[in-house]
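Trainee: Chain by chain, the residues:
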Amino acid sequence: MNSIKNILLISFLFLIVFCNAQNPGYLGRRIIVSTGVRGMPFVGKLLAEDNNLDFNLRWSANAEFVISKQISAGYIFERVSDKIFLDNMSVSEQLPIVYYTSDVEHNPVQSLKSAAFFCGNNHGMFVKFYKNKKLGAIAPIGQYFIMEYFFNNTNIKDDGRYFNNEDITLLHSVKSRTFAIGWGVQNVYYKYLTVDFRFGLGYNKVGFHAKVDGEYENPLFYKAESKLFSDNLFMLKLSVGWIIF
Amino acid sequence: MNMKNKILISGVFLLLSGFVFAQDFENYKELSSDGTIPMDFITLANDKFEQDKTKISEDEQRHKRKVKEQFYLESNFSISEFLKSGNVLFNDPVSNYLNEIYNNIKLSNSFLNDEDLRFYTCKSTIINAYATHAGIIFINIGLVAKIKTEDELAYIMCHEISHYIEDHSINQYTYNDEIDSNKGSYRRTSWEKKMFSKANYSQQHELIADSLGLIMYSNTNYCINSPVEALGNLKTYNSPFSKVLDIQKSFFESSNISFPDINIVPLDSIEVEKYDDDNNSTHPDIDERMEEIADQLSQPEYDVDSIKTKTLPNKFQKLAQFEMPHLYLEKGMTIHALYCVMSLLEENPDNKYLNGMLCNILYAISQNSTCLKNYPDRDEIADFKHSQRDYHKDLKYSCADMQQLYLFLNKMSNEQKNSLAIVKLLAFISDNNVGDSDAMMLRLRDLTKMNLSYYSDSKPIKNLIERDSVFAGIYNDEKQISRSEIKKLRNSYREEDESKSIIVSTRIIKNSSIDKTDDVASGEENGEVTESKESLSEEEETAETGTSKDVNTNTGSDKNEKKDKKEKKLKAEPDRILFVTPEFRKFDLRKNQAYKFQASEKALNSYQKKIEDNADLLEIDHVMLSTLNMGAADVEQINDISLINTFVDEHNNNSPWTMSSKKEEIQNLISKYNTDKIVFVGTYSFHMSRDVGSEIYMVFISLFLPPAIPFAIWHAITPEFRTFTYVLLYNLSTEKVDYYEVEYMKMNGNEGVVNTTMYYSFMKIKNL
Numbered sequence: 541m542n543s544i545k546n547i548l549l550i551s552f553l554f555l556i557v558f559c560n561a562q563n564p565g566y567l568g569r570r571i572i573v574s575t576g577v578r579g580m581p582f583v584g585k586l587l588a589e590d591n592n593l594d595f596n597l598r599w600s601a602n603a604e605f606v607i608s609k610q611i612s613a614g615y616i617f618e619r620v621s622d623k624i625f626l627d628n629m630s631v632s633e634q635l636p637i638v639y640y641t642s643d644v645e646h647n648p649v650q651s652l653k654s655a656a657f658f659c660g661n662n663h664g665m666f667v668k669f670y671k672n673k674k675l676g677a678i679a680p681i682g683q684y685f686i687m688e689y690f691f692n693n694t695n696i697k698d699d700g701r702y703f704n705n706e707d708i709t710l711l712h713s714v715k716s717r718t719f720a721i722g723w724g725v726q727n728v729y730y731k732y733l734t735v736d737f738r739f740g741l742g743y744n745k746v747g748f749h750a751k752v753d754g755e756y757e758n759p760l761f762y763k764a765e766s767k768l769f770s771d772n773l774f775m776l777k778l779s780v781g782w783i784i785f
Numbered sequence: 014m015n016m017k018n019k020i021l022i023s024g025v026f027l028l029l030s031g032f033v034f035a036q037d038f039e040n041y042k043e044l045s046s047d048g049t050i051p052m053d054f055i056t057l058a059n060d061k062f063e064q065d066k067t068k069i070s071e072d073e074q075r076h077k078r079k080v081k082e083q084f085y086l087e088s089n090f091s092i093s094e095f096l097k098s099g100n101v102l103f104n105d106p107v108s109n110y111l112n113e114i115y116n117n118i119k120l121s122n123s124f125l126n127d128e129d130l131r132f133y134t135c136k137s138t139i140i141n142a143y144a145t146h147a148g149i150i151f152i153n154i155g156l157v158a159k160i161k162t163e164d165e166l167a168y169i170m171c172h173e174i175s176h177y178i179e180d181h182s183i184n185q186y187t188y189n190d191e192i193d194s195n196k197g198s199y200r201r202t203s204w205e206k207k208m209f210s211k212a213n214y215s216q217q218h219e220l221i222a223d224s225l226g227l228i229m230y231s232n233t234n235y236c237i238n239s240p241v242e243a244l245g246n247l248k249t250y251n252s253p254f255s256k257v258l259d260i261q262k263s264f265f266e267s268s269n270i271s272f273p274d275i276n277i278v279p280l281d282s283i284e285v286e287k288y289d290d291d292n293n294s295t296h297p298d299i300d301e302r303m304e305e306i307a308d309q310l311s312q313p314e315y316d317v318d319s320i321k322t323k324t325l326p327n328k329f330q331k332l333a334q335f336e337m338p339h340l341y342l343e344k345g346m347t348i349h350a351l352y353c354v355m356s357l358l359e360e361n362p363d364n365k366y367l368n369g370m371l372c373n374i375l376y377a378i379s380q381n382s383t384c385l386k387n388y389p390d391r392d393e394i395a396d397f398k399h400s401q402r403d404y405h406k407d408l409k410y411s412c413a414d415m416q417q418l419y420l421f422l423n424k425m426s427n428e429q430k431n432s433l434a435i436v437k438l439l440a441f442i443s444d445n446n447v448g449d450s451d452a453m454m455l456r457l458r459d460l461t462k463m464n465l466s467y468y469s470d471s472k473p474i475k476n477l478i479e480r481d482s483v484f485a486g487i488y489n490d491e492k493q494i495s496r497s498e499i500k501k502l503r504n505s506y507r508e509e510d511e512s513k514s515i516i517v518s519t520r521i522i523k524n525s526s527i528d529k530t531d532d533v534a535s536g537e538e539n540g541e542v543t544e545s546k547e548s549l550s551e552e553e554e555t556a557e558t559g560t561s562k563d564v565n566t567n568t569g570s571d572k573n574e575k576k577d578k579k580e581k582k583l584k585a586e587p588d589r590i591l592f593v594t595p596e597f598r599k600f601d602l603r604k605n606q607a608y609k610f611q612a613s614e615k616a617l618n619s620y621q622k623k624i625e626d627n628a629d630l631l632e633i634d635h636v637m638l639s640t641l642n643m644g645a646a647d648v649e650q651i652n653d654i655s656l657i658n659t660f661v662d663e664h665n666n667n668s669p670w671t672m673s674s675k676k677e678e679i680q681n682l683i684s685k686y687n688t689d690k691i692v693f694v695g696t697y698s699f700h701m702s703r704d705v706g707s708e709i710y711m712v713f714i715s716l717f718l719p720p721a722i723p724f725a726i727w728h729a730i731t732p733e734f735r736t737f738t739y740v741l742l743y744n745l746s747t748e749k750v751d752y753y754e755v756e757y758m759k760m761n762g763n764e765g766v767v768n769t770t771m772y773y774s775f776m777k778i779k780n781l
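Chains as they are written, first to last, in the working numbering: chain A, 541 to 785; chain B, 14 to 781.
For the record, the hints were derived by calculation from the structure and aren't laboratory data. Ideal placement from N, C-alpha and C gives every residue a C-beta, glycine not left out. Be aware that a few hints might be false.
[Said to hold, decoys possible] Cβ-Cβ distance ranges computed for the label pairs, FRET-style: (1) Leu-597(A) / Pro-732(B): 53 to 63 Å; (2) Glu-632(B) / Ile-784(A): 14 to 24 Å; (3) Arg-603(B) / Leu-710(A): 56 to 66 Å; (4) Val-573(A) / His-399(B): 52 to 62 Å; (5) Lys-79(B) / Phe-719(A): 54 to 64 Å.
[Unchecked claim] Just so you have them, the derived chain A footprint on chain B, three or more residues with Cβ under 8 Å: (6) 372 to 385; (7) 721 to 730.
Let's have the full structure, built from the sequences with the hints guiding it.
Mentor: And the structure:
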């Protein structure tokens with residue numbers, strides 16, 4: 541599966557790069573590299589019982605190629621690093637070591653809380669359609685409609701409290717895919733600097749089923765997988781980039 | 014000033030005027046600006062505005078200060094635009110003459126020495142003059158053409174000077190603002206009453222200017238009776254010249270052409286309509302004004318008997334009159350143009366310039382008429398059709414002799430108008446030894462080409478073909494050319510049809526004995542090729558000689574043509590382009606004063622630079638013709654801009670098939686800049702309020718989707734943006750628009766947006 545995925549990605553990239561369609565880009569320049577931040581306040585709280593102000597921030601690096609007057613496409617790499625919290629013991633079937641070593645009479649609640657690292661990489665491709673007739677846009681400037689397809693690799697790791705190990709323990713690994721659509725606007729300043737702001741709606745299959753099917757035996761796994769749903773459902777993304785050539 | 018000094022000064026003035034450059038009317042050259050460009054044209058409007066702002070007293074009420082500031086802003090920017098439009102002349106003979114008259118007025122009115130007044134001539138046929146707050150007074154050519162004496166001109170100038178001295182323009186503006194503010198007594202006033210109040214105030218200003226102007230005028234040694242006569246000229250505003258034109262059929266008829274069935278309508282049977290008695294006019298009734306002046310003159314301080322009664326002639330009336338025909342023609346007012354030329358020809362029957370202008374006008378009348386008759390429903394003439402309709406409707410207000418001329422021409426058929434134009438053109442060409450490439454010859458060819466279809470039935474044309482070898486040659490040439498053009502059209506339709514071109518190419522491949530697999534690869538089966546071979550044979554049979562090469566078995570012909578086309582395109586690149594007066598305008602439609610004068614002017618500088626940078630990026634050879642950043646010595650630039658603007662206006666005001674009357678000058682311009690392509694570029698950027706529907710929609714979304722709240726907030730506080738960038742490419746040789754594009758973006762008109770739309774449009778121009 542991995543090899544098919546890689547072939548697809550590389551073919552996609554080659555198709556874009558070697559596209560000979562006559563198009564202007566921005567002053568003839570067609571390749572933009574950018575970095576951005578994606579997140580959305582309150583969604584985690586609403587859907588995945590995250591913290592109140594969980595922004596679910598993800599850092600990303602993008603490469604965008606202008607294909608024609610209205611279309612650009614590219615590659616996106618995202619880094620996820622988050623923490624999930626659980627009210628009760630669910631990371632490990634054992635009581636955490638702190639339970640034994642700390643003054644539980646005075647600090648009982650804390651020792652029974654659980655937390656885990658939720659981290660991983662997403663990478664995928666996107667296509668932007670810069671609207672013309674109604675809204676007016678010429679790639680890479682203007683308002684656009686975007687379709688994205690991600691391959692998500694998510695790992696759930698112990699935060700060091702529960703297994704009494706020196707190393708952080710990998711508890712669970714999820715591979716999933718996300719399909720997202722969105723709307724955004726991109727502009728260029730000082731001839732090279734791009735600023736891109738967009739809003740999106742995504743569908744992560746694993747996360748969707750986790751949410752719909754209900755709670756798992758292991759609440760941590762349930763929370764992690766349903767977090768995939770809430771993290772990708774609504775997203776705001778702000779990117780800053782540079783038009784290289 | 015005592016009498017002795019007055020006589021001395023008049024004598025010096027007369028002597029000086031004797032050395033005024035004598036105009037060559039035989040080879041008349043239209044007026045253009047000359048010498049050093051005055052500071053009025055070079056100084057940025059924003060700088061003028063900042064200077065004017067210092068004149069506003071700090072003691073005034075805040076609201077009044079704001080209103081005055083707004084006035085200075087609007088006035089300075091409007092004047093600046095007008096000055097740079099190419100319609101205002103400086104250092105031309107008429108403007109210099111006006112400034113001489115002003116010096117004379119100043120000598121007798123010493124208080125004017127503290128005022129810095131400048132007089133410029135406007136290329137307008139309207140009988141009017143305007144005083145601005147900035148000390149600039151514009152006098153229209155139409156007024157100079159109408160006025161017979163220098164004395165009358167002097168009085169009109171005194172009238173305008175009075176407007177300036179009394180600050181009438183700013184007073185009117187503040188008064189109008191007070192009325193429109195709906196405060197105090199104007200709170201419950203109807204719209205009609207407000208209009209009347211404004212008009213009444215303006216009329217009072219006119220009467221004050223008449224009176225003060227008379228006082229100033231009376232200090233000079235011009236004829237005291239002239240003010241009444243000067244105002245009397247305004248009664249006949251509907252006639253360009255003072256005298257009545259005697260229209261005779263013999264002017265149009267000759268041995269080659271006659272109009273036995275058309276008669277001239279008697280003058281006394283023509284009714285001249287007047288505009289409705291309009292209380293909302295900004296000027297009082299002329300008779301009232303004349304009475305007021307006559308009353309004032311009857312006062313004891315005006316000792317009419319002792320004051321000079323002999324008038325000086327208007328030295329430049331004739332020159333101004335010579336300007337009128339081409340000014341009217343440029344506006345598409347062909348009847349007025351013809352009227353002026355006929356009037357001038359009465360006194361100068363052999364004048365070469367006037368006879369040439371007559372040919373231009375008759376050509377335009379014929380082409381315009383043919384266009385309206387033969388192509389009434391075509392999109393490209395919609396605007397022209399409407400403007401001509403309005404023009405003809407308004408002719409009922411013109412003087413009786415003008416209407417007489419119009420009625421005579423109206424009775425002519427298209428063919429008669431065309432024949433008349435041809436006869437006159439032929440006569441001019443033979444009298445003046447005109448060469449083949451001359452513009453007159455081109456006009457003759459144009460007329461012949463447009464009307465070939467009826468020539469076989471037209472008696473005058475048949476006669477001309479028999480008698481005139483030049484015309485016979487042209488007629489036969491055009492017939493031949495049009496035949497081959499029809500063939501080319503037919504062939505181009507064939508080539509555009511994709512399926513046929515594939516068939517043609519596969520047939521050629523087959524005939525070249527290329528491997529059959531090529532036919533298979535092209536998707537053509539043998540059967541299809543066979544069928545197409547038969548159909549091509551039919552085409553070959555019906556095609557006239559010279560066309561069959563496109564479909565014959567000559568293997569290289571199709572490829573060679575394509576190769577030739579590619580080479581031609583490569584040779585044509587890069588073409589030089591002349592960018593003309595780019596514009597950048599910003600509007601904020603949320604405010605009362607929507608146009609952002611200062612921001613627009615400020616952005617224009619960098620906008621011009623963007624145009625040049627984008628052209629350089631695409632390696633387009635270009636020249637920028639712009640009034641921004643002009644030096645004092647760039648008078649040629651202003652004249653060239655004026656010529657181009659005139660050319661475009663004329664193109665818009667006449668039919669698309671009417672050749673410009675400025676063909677010769679345009680050809681010189683093409684040689685000067687080594688290009689025949691001019692490009693107009695502009696960007697309009699709008700800020701506007703979002704509509705209520707979209708606001709409600711965002712609030713609704715954010716209620717159901719709290720994560721969308723940041724979007725809703727951003728949506729609520731930011732305006733909606735629209736940016737339009739247009740690019741228009743005119744070909745001066747063919748007088749056609751080669752390319753026109755408007756790129757529209759729903760974003761703010763910042764650097765990125767402007768650059769991207771401009772670059773895209775330039776790229777398309779380069780690939781034309």
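Trainee: All hints, please: hold or fail.
Mentor: We went through each hint and held it up to the structure:
At roughly 30 Å, the beta carbons of Leu-597(A) and Pro-732(B) sit outside the given window of 53 to 63 Å. The given range of 14 to 24 Å is respected by Glu-632(B) and Ile-784(A), whose C-beta atoms sit roughly 21 Å from each other. Our hint of 56 to 66 Å for Arg-603(B) and Leu-710(A) holds, since their Cβ atoms are close to 58 Å apart. As the Cβ distance of Val-573(A) to His-399(B) is approximately 53 Å, the hint placing it in 52 to 62 Å holds.
Between Lys-79(B) and Phe-719(A) the C-beta distance comes to about 57 Å, which sits within the given range of 54 to 64 Å. A count of 0 residues in the region 372 to 385 of chain B with a Cβ less than 8 Å from any Cβ of chain A is obtained; the coverage claim is therefore unmet, three being the minimum. Counting residues of the region 721 to 730 of chain B whose beta carbon lies closer than 8 Å to any beta carbon of chain A gives 3, which reaches the threshold of three, so the coverage claim holds.
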